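K.L.:
Heads up: the sequence shown is residues -18 to -1, 1 to 169, going by mature numbering (1 follows the signal peptide of the UniProt record, and there is no 0).
Among these hints, one or two may not hold up.
Unchecked claim - Cβ-Cβ distance ranges computed for the label pairs, FRET-style: (1) G140 to G51: 45 to 51 Å; (2) R133 to V63: 14 to 20 Å; (3) T30 to K162: 27 to 33 Å; (4) R80 to D114: 18 to 24 Å; (5) T129 to T30: 42 to 48 Å; (6) R121 to A61: 27 to 33 Å; (7) D113 to V23: 20 to 26 Å; (8) D114 to E135: 49 to 55 Å; (9) P94 to G165: 17 to 23 Å; (10) G109 to R133: 25 to 31 Å; (11) P167 to A61: 16 to 22 Å; (12) R40 to R117: 19 to 25 Å; (13) G37 to P152: 28 to 34 Å.
Because the hints were derived from the structure by calculation, they are not lab data.
None of the values given here were measured: they were computed from a predicted structure.
Note that CB positions come from ideal geometry on N, CA and C, so glycine has one too.
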Amino acid sequence: MRMLLLASLLSVMPGLPACVEAFGDEAASGPGTALGTFHVVGTQTGNTCGEGALGATRLWEFDVDLARGDGALFWDNGASVIEGVLGEDQVSFSIEGRVVVDMRAGDGPPGPPCSVERRDRAHGELGDAGDDVARFEARLSYTFAPTAGSRCEDLVAGELSVAPVFAALPCGMDYELSAKRSGPPLE
C-alpha cells in the first residue's frame, strides 16, 4: 500500500527529486527569448517531511530550459512551461505553483478522503540582465498540507500509520539551487 500511495503522489509532482523523469529531455519551443539549457544542482537545506520522504534526497540534479519575456521568466522542465515573474532589474525572479493530489486514487484499499496540496516557491537571481545568462542561483521550497476535510493520519508516521509517507503533515522541504548554462538557447 505504501508504494501505491507514493506512486500516486509522485506521479503528479514533477518538481520533486524522485520525479527526475518528469523533467524530460525533449526540446520544446516555448514563449519568450530562449536563454539556454541549465544544469541545476540542488542542495537540501531543510526538511520537516522526514528523511527520504517522497523520495527526496539531500542532493538533486536536473536540467531546465529558461526563457525570458516582458516581465516574465519561463521555466521549461520538459513536462510543462511554468511562467514566473521577472523583476524590473531583469535578474531577480520568482516562480510559484501548486498541485493537489488525491492520495486515495488508484487500486489501493479505500480509506477516508485524503488530498494533499503541494505549493512550490522559487526565488532567485539570473547571472545577467541580458540574453547571455551563464548561471543562476535560487531558493526553492515545497510545502505539503492536507486539504480541508482530508483525513490523512495514516500517511503520517505514528500509531495510526500502516504505510507512512510523511514524518509530519503539514511539512516542507527547502533547496538551494545553483545552475550553470550547459547548452545554447533552443531555436
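K.L.:
Looking only at beta-carbon atoms, does the pair G140, G51 fall within the given range of 45 to 51 Å?
P.N.:
holds (47 Å)
K.L.:
Taking 19 to 25 Å as the hint, is the beta-carbon distance of R40 and R117 inside that range?
P.N.:
holds (22 Å)
K.L.:
Are P94 and G165 spaced within 17 to 23 Å by their CB atoms?
P.N.:
The hinted range 17 to 23 Å is violated for P94 and G165, with Cβ atoms some 47 Å apart.
K.L.:
How does the Cβ-Cβ distance of G37 and P152 compare with 28 to 34 Å: does it lie in that range?
P.N.:
Taking Cβ atoms as reference, G37 and P152 lie about 19 Å apart, which means the hint is violated.
K.L.:
Could you say whether the range 27 to 33 Å given as a hint is met by the Cβ separation of R121 and A61?
P.N.:
The hinted range 27 to 33 Å is violated for R121 and A61, with Cβ atoms some 22 Å apart.
K.L.:
Hint says 27 to 33 Å; check whether the CB-CB distance for T30 and K162 agrees.
P.N.:
holds (30 Å)
K.L.:
Take the C-beta atom of P167 and the C-beta atom of A61, compute their distance, and say whether it sits inside 16 to 22 Å.
P.N.:
holds (20 Å)
K.L.:
Can you let me know if the beta-carbon spacing of R80 and D114 is within 18 to 24 Å?
P.N.:
Violated - the Cβ-Cβ distance for R80 and D114, about 33 Å, lies outside 18 to 24 Å.
K.L.:
For the range 42 to 48 Å, tell me whether the beta carbons of T129 and T30 fit it or not.
P.N.:
With Cβ atoms ~19 Å apart, the hint is violated.
K.L.:
Taking 49 to 55 Å as the hint, is the beta-carbon distance of D114 and E135 inside that range?
P.N.:
holds (52 Å)
K.L.:
Assuming the hint says 20 to 26 Å, is it satisfied by the Cβ distance from D113 to V23 or not?
P.N.:
holds (23 Å)
K.L.:
I want to verify a distance hint. Is the separation of the beta carbons of R133 and V63 within 14 to 20 Å?
P.N.:
violated (35 Å)
Consistency note: the structure conflicts with the earlier hints numbered 2, 4, 5, 6, 9, 10 and 13.
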